[in-house]
Amino acid sequence: MKRWLVILLVILALVILISPGIVGRLAEEKLADGIAWTELDSPGFKIATETFERGWFTSEGRHRVVFEDGQFQEATEMFSAATGSDSLPSLIIDTRLDHGLLPVTSLGRDQGSLAPGLARSVSTLRLDVGDGGIIEIPGALYSNVGLAGASDARLLLDPVKFDLDGAIIEWQGADLNVHTHSGARKRSFEGVVESISLAAVGINAGIESFTIDADQSATPYGFRLGNADITLTNLVFGADGAAISVDSVAVKANTGIEDERVSGSTMLSVNTLTGPTGDVDIDLKMTFSEFDAASLGVISTALREAQGATDPQTALMEIYPAIEDDVQTLLQKGLKFSVDQLDVSLPQGVLTTNIAFDVPETDPSDNFSWPGVILSMTASIDVKIPIALFDRVAMMNPEAGTLVAMGFLQKEGTDYVMDADYAKGLINVNGAPMPIPIPGL
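If you count the sequence shown from 1, you need to add 875 to reach our numbering.
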């Protein structure tokens, strides 16, 4: 036998017979990384590992996505009262991992491949409705873990229709893709969820499609940054004879960091929201910049932990002492926030609002004081309200008329307008200066 052939056979034996066990451990660790990432991004959910049996060529595991107490406590109580069950619905994920640099065992399943990598897996999904009933979700999640640690996952769900206690739920499936870069510090998402509808006694709801194209990158501050482009089309909700529909909702958001300062923007567009009062369109654009990353990280982590507490309302009320220093640092380092556009198109006309806040950076050696922040900051707000809309509001709440009587709103053509600016403790409303009392001064 040729020497090169012997060497080749030995290499193949090592790759096929020995590497799977080693790679299985690496793939298991990669799975744990994914669980940690998901729990960080979705407070209030917990991914519990019920079983994980690591074999030489294949490994099998079962995970359950459950609601934790805390922010879902009220939902748990409502569900328990309605069903007599103490458990909320949960998602059961059964996974088979075929591992090895050449995962030959994957050839026996759908979308198997001999392409080199750490592992290939296929997961099936079931819904535990909380009362012991199990609903099979047709389709599967296919994942590949590359040699360098990067991974790709594709969730393919088939159309399904089922009856849940008289409520008919119909879903046309989904195709979602996730790519995780090596090191699990960056992820990208793209895909579509097809039509979903719900029909029950007195209730009719549905959505034609949900699409997403997004990416996230981890930061050393405990939060993630990135971009997202999300669109929902043809939303419908009807109950007790009343119906609301929306042609489309689009959200575009981006966040980034430079020189340890966080900035970002969000745009929201709601097209043709049709309800009892007529058609409404909403366009919103918000921006923020110069937020100190370290302080923001501490604050966001504390808020996330409070939301996941057993009593989130109490935890949020008691959170300030723990983040007080970071709130002060955040303000001392300066920040900017603005609502660059808020246009609400109504049958009576277009309501427009623009808001801006600017807190300048101050010397960190200076003692922090809230009066100092209030005196140093600047702000502005511009509002335009159609007279027809304001008159309708005033009919329902006569006290709204005092805004005109006091000069906060002035008539300009077919609208009431307010142009207000704030600086150094003085508010200027439509040209009229108005000092405000500042505690401590």
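Careful, some of the hints might be misleading.
[Stated by the list, open to error] With a cut-off of at most 25 Å between alpha-carbon atoms, the simulated DSS-like pairs for lysine-lysine come out as follows: (1) Lys-921 with Lys-1061; (2) Lys-1259 with Lys-1160; (3) Lys-1259 with Lys-1211; (4) Lys-1127 with Lys-1160; (5) Lys-1286 with Lys-1208; (6) Lys-1286 with Lys-1259; (7) Lys-1127 with Lys-1036; (8) Lys-1208 with Lys-1259; (9) Lys-1299 with Lys-1208; (10) Lys-1286 with Lys-1211.
[Claimed, not checked] Pairwise CB distance ranges (calculated): (11) Val-1268 with Lys-1036: 29 to 37 Å; (12) Asn-1129 with Pro-1246: 44 to 52 Å; (13) Asn-1242 with Met-1192: 22 to 30 Å; (14) Val-1268 with Tyr-1195: 46 to 54 Å; (15) Met-1271 with Ser-1240: 46 to 54 Å; (16) Ser-1175 with Thr-1152: 48 to 56 Å.
Treat the hints as calculated values from the structure; they're not laboratory data.
C-beta atoms are modelled at their ideal positions from N, C-alpha and C, and glycine is treated no differently.
query = Are the Cα atoms of Lys-1299 and Lys-1208 separated by 25 Å or less?
reply = holds (18 Å)
TODO: With respect to the beta-carbon atoms only, verify the hint that Ser-1175 and Thr-1152 lie 48 to 56 Å apart.
DONE: violated (37 Å)
**Q.** 25 Å limit on alpha-carbon distance, applied to hinted pair Lys-1259 and Lys-1211
**A.** Holds - the C-alpha atoms of Lys-1211 and Lys-1259 are around 23 Å apart, at most 25 Å.
Q.
With the threshold set at 25 Å, check whether the alpha-carbon distance from Lys-1286 to Lys-1208 stays at or below it.
A. violated (40 Å)
Are Lys-1127 and Lys-1160 close enough, with their CA atoms no more than 25 Å apart?
holds (9 Å)
Lying within 44 to 52 Å: is that true of the beta-carbon distance Asn-1129 to Pro-1246?
Since the Cβ atoms of Asn-1129 and Pro-1246 sit about 35 Å apart, the hinted range of 44 to 52 Å is violated.
Check whether the Cα positions of Lys-1259 and Lys-1160 lie no farther apart than 25 Å. holds (17 Å)
Could you check the hint for me, namely that Asn-1242 and Met-1192 are 22 to 30 Å apart, CB to CB?
holds (27 Å)
- Query: Is it true that the C-beta distance of Met-1271 to Ser-1240 lies inside 46 to 54 Å, as the hint says?
  - Reply: holds (53 Å)
Worksheet item: Is it true that the CA of Lys-921 sits at most 25 Å from the CA of Lys-1061?
Response: Holds, because 21 Å separates the two Cα atoms, which is no more than 25 Å.
(message) Run the distance test for Lys-1127 versus Lys-1036: straight-line Cα separation, threshold 25 Å.
(response) Since the Cα atoms of Lys-1127 and Lys-1036 sit roughly 32 Å apart, the hinted pair is violated (cutoff 25 Å).
For Lys-1286 and Lys-1211, compute the direct alpha-carbon distance and say whether it is at most 25 Å. Judged against 25 Å, a Cα distance of about 31 Å means the pair is violated.
When held up to the earlier numbered hints, the structure conflicts with 5, 7, 8, 10, 11, 12, 14, 16 and fits the remainder.
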